[in-house]
Amino acid sequence: MRRRRVSVHVLLAGLGIILLAVPAPAQREFAPSSVEKGVLLVASPSLEDANFRQTVLLIVEHGRGGTVGLILNRPTNVLLWETMQDLPALKRTTHRLFAGGPVERRQLILLFRLTQPWPDTRQIIDGIYVGTPRVLERILAQSKPTETFRGFAGFAGWAPGQLDHEMRQGSWAVLPFGTLNIFDKDPATLWPDSISRLQAPKTISNG
Numbered sequence: 027m028r029r030r031r032v033s034v035h036v037l038l039a040g041l042g043i044i045l046l047a048v049p050a051p052a053q054r055e056f057a058p059s060s061v062e063k064g065v066l067l068v069a070s071p072s073l074e075d076a077n078f079r080q081t082v083l084l085i086v087e088h089g090r091g092g093t094v095g096l097i098l099n100r101p102t103n104v105l106l107w108e109t110m111q112d113l114p115a116l117k118r119t120t121h122r123l124f125a126g127g128p129v130e131r132r133q134l135i136l137l138f139r140l141t142q143p144w145p146d147t148r149q150i151i152d153g154i155y156v157g158t159p160r161v162l163e164r165i166l167a168q169s170k171p172t173e174t175f176r177g178f179a180g181f182a183g184w185a186p187g188q189l190d191h192e193m194r195q196g197s198w199a200v201l202p203f204g205t206l207n208i209f210d211k212d213p214a215t216l217w218p219d220s221i222s223r224l225q226a227p228k229t230i231s232n233g
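Counted the way my numbering counts, the sequence shown spans residues 27 to 233.
Keep in mind the hints are simulated off the structure, nothing from the lab.
Keep in mind that this is a model prediction, so the values were computed, not measured.
Keep in mind that a hint or two might mislead.
Using C-beta positions, here's what the derived DEER-type ranges look like [what the hints assert, rightly or not]:
hint : residue 1 : residue 2 : range
1    : Glu108    : Ser60     : 17 to 25 Å
2    : Ala167    : Gln188    : 36 to 44 Å
3    : Asp75     : Ala226    : 35 to 43 Å
4    : Leu105    : Ile151    : 42 to 50 Å
5    : Lys117    : Gln225    : 14 to 22 Å
6    : Asp112    : Pro218    : 33 to 41 Å
7    : His191    : Thr120    : 26 to 34 Å
8    : Gln225    : Ser169    : 39 to 47 Å
9    : Arg194    : Pro145    : 37 to 45 Å
10   : Arg160    : Arg194    : 38 to 46 Å
C-beta atoms are modelled at their ideal positions from N, C-alpha and C, and glycine is treated no differently.
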C-alpha cells in the first residue's frame, strides 16, 4: 500500500520528474490546438507510435514543468482488486486496471468522479479528481456509492514544450472534457467517437 500511496502523491505534487515518451511524427491532419489541464487529447489517425496509436488522454497536469496525461481507452485484463488486495471490498467489483501510459507503469494512479471535493484529492476539472487509496476505501464503504473511479498503471509525460511541438506537427487534437462522458463510455468507441467529433464543423479550436 505504501508504494501505491507514494505514486499517487507524486502525481498530486505535479510530477517533478517526468520521463519522456516521444511518439513518432504523424502526418498533419489537425490544426494546432491549445492544451490545458482537463482537456481530452486525441491521437491523429496517422499517429503510428504503439504507445499512443488511437488513444484518448485526459490531461491532468500542464504547465511550466511539462505535461502529464492518462490514456483513457486502454483497459487491461487485470482487475483493479488484483493490484490492491488490501482493499477486500474492491474484490466485489469488476473494475479493470487501465494502462495509463508508457511512463512508470508500476505506479498506480486513481481517478475519481465526485460531486464535491473530498479530502486526499486534487481537482483536475469540475467533478474530476485524482486521489489516494483512502478515497477509494471511503467510496467502497458506502452501500450505494454515487461516485465513480478508475485505476491506471502509469501515465504519459512530456517535457516543457514537447507536447506543443507535437501539436504543431498535427499529431494530436484537443476536445473539451465535457464533450464525452469518459467514465460511462465504452473505451472501445472513445477514440472513433472523438475523431468523428473532431471532423465535424467548428469542433477543433485553433490555438
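>> For each hint given before, does the structure comply? Return the numbers of the non-compliant ones in rising order.
In response: Of the numbered hints given earlier, those the structure breaks are 1, 3, 4, 5, 7, listed in rising order.
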